[in-house]
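Protein chains in written order, with our numbering: chain B, 1 to 574; chain C, 1001 to 1080; chain L, 2001 to 2080; chain F, 3001 to 3229.
Calculated directly from the structure, the hints in this document are not laboratory data. Not one of these hints is a red herring.
For lysine-lysine, the following BS3-like pairs were computed, each having C-alpha atoms within a straight-line distance of at most 25 Å:
no. : chain 1 : residue 1 : chain 2 : residue 2
1   : B       : K563      : F       : K3113
2   : F       : K3109     : C       : K1064
3   : F       : K3109     : B       : K137
4   : B       : K52       : B       : K20
5   : F       : K3155     : L       : K2010
6   : C       : K1040     : L       : K2064
7   : B       : K510      : B       : K381
8   : B       : K137      : C       : K1010
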Amino acid sequence: MSEITPDVIKSHGLTDDEYKLVLDIMGREPNLTELGIFSVMWSEHCSYKSSKKWLKTLPTKAPWVIQGPGENAGVIDIGDGQAAIFKMESHNHPSFIEPYQGAATGVGGIMRDVFTMGARPIANLNALRFGAPEHPKTRHLLSGVVEGIGGYGNCMGVPTVGGETNFHPSYNGNILVNAMTVGLADTNNIFYSAAAGIGNPVVYVGSKTGRDGIHGATMASAEFDDASADKRPTVQVGDPFTEKLLLEACLELMATDMIVAIQDMGAAGLTSSSFEMASKGGVGVELWLDKVPMREEGMTPYELMLSESQERMLMVLKPGCEEAAKAIFDKWELDFAVIGKLTDSKRMTLMWHGDVAGDLPIDPLAEASPEYDRPWEETPKQDRISADSIEQKMPHSEALKTLMGSADLSSRRWIWEQYDHMVMADTVVRPGGDAAVVRVHDTRKGLAVTTDCTPRYVKADPVQGGMQAVAEAYRNLTAVGATPLAITDNMNFGNPERPRIMGQFVGACKGIAEACIALDFPVVSGNVSLYNETNGEGILPTPAIGGVGMLPDVGRMATIALKRKDSVLVMLGS
Amino acid sequence: MKARVHVTLKNGVLDPQGKAVHHALQGLGFAGVEDVRQGKFIELELDGTDVEKARNDVTEMCEKLLANTVIENYDIDIVA
Amino acid sequence: MKARVHVTLKNGVLDPQGKAVHHALQGLGFAGVEDVRQGKFIELELDGTDVEKARNDVTEMCEKLLANTVIENYDIDIVA
Amino acid sequence: MKAAVIVFPGSNCDRDVQVALQNRMGTAPHMVWHRETTLPKTDLIVLPGGFSYGDYLRCGAMAANSPIMRAVIAAAQAGTPVLGICNGFQILIEAGLLPGALMRNRNLKFICKDVHLRVETTDSIFTNRFNNGEIIKIPVAHHDGNYFADDETVKRLKGEGQIVLRYCDNEGETTDVANINGSASNIAGIINEERRIFGLMPHPERVIEPLHRGTHGAMIFDSLMEALA
Ligand SMILES: Nc1ncnc2c1ncn2[C@@H]1O[C@H](COP(=O)(O)OP(=O)(O)O)[C@@H](O)[C@H]1O
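Using the sequences and the hints, build the whole thing.
Right, dumping it as structure tokens:
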């Protein structure tokens, strides 16, 4: 009897149509390992099947853009042979289940995305949304998430310099944890993921593989219901200490000339990293899965391909470099194993103690994954409210006090004081202002960074709300004296299979695109998180925008502190 | 009455602390160590004398606070 | 062979973690708790079969690394 | 004047202190990997901040057992000045070069902010550029800075003038509120009997130029420069 029953297919999150496509591509029934691979590669999280069509409409080009979306992170030129590399990524579902570890591994993942490309991370930010302050879970989630972000970032020695925090009942059952990292690299030493060189060794470095988070990527693509809190899928535990060693070891190796391609193992671990590298390079891969460093006994090819153990990297080395590269990883006391080689087959061949455990064509899987044009409804326009029609219920001073004391406007000092925001000694504008500024080490230049989004605007009018988020990021950067250069985005929405929600997503994309074009402020990287719903209730649409700008001279930046009395306050704009 | 609670990581969950301690012990020349796992040990001083009630209370404390049951197991020992 | 090591704070050393747990338990409405102390629980997997040697080795590990004897006591249990 | 900075796996303020030393002393320090067993010829040893070994088990415990620490302890006992900052302070304590213990902050949270400190003694190579009782501002960033020692030890530290820095408010009062992490007697930094080994939780290397919003950290390096040159 076949092990691939309809139940097995369903539990892997594949629809009937998708499974038919699997049979077409394989020309036979897949085995369980192969099915697992299809399932994670085609999950919303990895394939962007609902969002791809609209993401393509975002402007991604400018003379200073070196690399737009499609790599581990976006790259912009900041002059003098230097580049800023950055991206934002969500870890919403894991953080709801286990706030500390979920948030921590989110930070770890985004930092790997950035240092994989050859950059030393120099600033972290985090955009957080929690449920109503009085909701019984909020306190626990907030304190766990903040501790997790701090726990990971502080240990890595990367300052967490900014972010945003909102509260709204729509996030009661589905918080948002979006983490952003900005790194610094030399433009002539940036690393990409396209594998090349038939016969070149495929190398695994970092932590050993365990049975962590198997199915994590599919979890991030399915709605929550009350039962999933009990199902308690394995949550990954982060090990920032190992990641710090991995960072230093990778940067040391990158200073040599041994790497052909490199990719971190994020969601869907070994599967997505190997397929992406092979697909981008148009090559095949033979993987010797029994050579993968394992943390537990009795692991199967299925588990090895799907594990989401953290703090791991996959790379292709130039031939003959194995020993020299290994010496670097030995110094940092990290695992290093040659686990395969590139082939000209354009197939992924999985070997297990000499037998074939799986054999899949690469391109149809990686590139021809499903792409949907989901039906969508425009959000109905709301009536304009005239200021005169609003009844004044309390004196202005009382209203002001209420506003300032509200959860959304109160001070965030409690949060950022748990983050080391000064390590690296280049933080010249600390959290608490409009944008933070970190000096580019050993120069007078500064990078200004901010994250922004006002979800209730996006709910009211997705197009305007999307525009507003971009415009606010732009304003926050200019307010410290920086020239805005580019953004990364994190699109957090509900279930895209509902036309109303899909309409919010489409609207926000349109608004973001329009604002980016008007402001010459391209999108260079981003992340999509859909299905943020509990029991059919979607979150407020939340396209978080992470903006990066540059100051030629940090000595000339502006800060929000009023400098002396008798100064004149001026309001600009309409 | 005393309750002694052990909170340990579930099987298969990565234990970065145990791993680092193991490594450090090897560095110190202790050769015969095969694995190290680190957990928590919590001692509670309880009033009352009803062992069954104490066990129930402490179980509830574990579920609610002392252990993170997503990744941890707990084990309760009541010493009357 | 297994060694189970308990590392606990010495009497008279303030235990901020235990205090915080105590406080949180009270906040959750658990009234009968009089005191909470938090320590570490370390499990070592050892090769070899000589219990006496294991105890000596683990004692040395505690003295050198596992416990800070300025503020902590340790207690070793060898499970053959 | 040449310093040596010890780099442990997980150190993360090693570069910052390297930059500060270079900036204040005009010479780049040696960077010494923890696996070395001998030290280069040096006038000052610095143990930097960070999370050596992830701060797992106890902060500084595993680093205190690193191969290089044998050489550091020998040099310290022979009189080479040692500065331990944050995790470096924790390592000095774990290595037995300074008395006491550093426990979890009393609010159990990581704390990163500027704090006021009162300079309790200028009779040291680390603080000779300050005035007695001067109130200075240096940031902290730690999870385990809650200094503990038994009453007798604290009394001895006081009596011998070994308490160098105490947490205080902006008027110099060593109040409980100003005691950010719950340390015994608001202790933020102590020196050994011979007054050559100094450990402190605050990060002087983070306030060495006006852009850092403070330069009191530079004064510690300048004091060393003056004393050791
Ligand atoms: N989660 C967070 N992490 C770090 N800093 C934060 C976080 N949330 C808010 N902040 C900081 O608090 C300040 C105020 O935040 P916010 O009210 O969102 O800013 P804005 O004025 O742009 O609306 C900003 O400097 C921001 O960087």
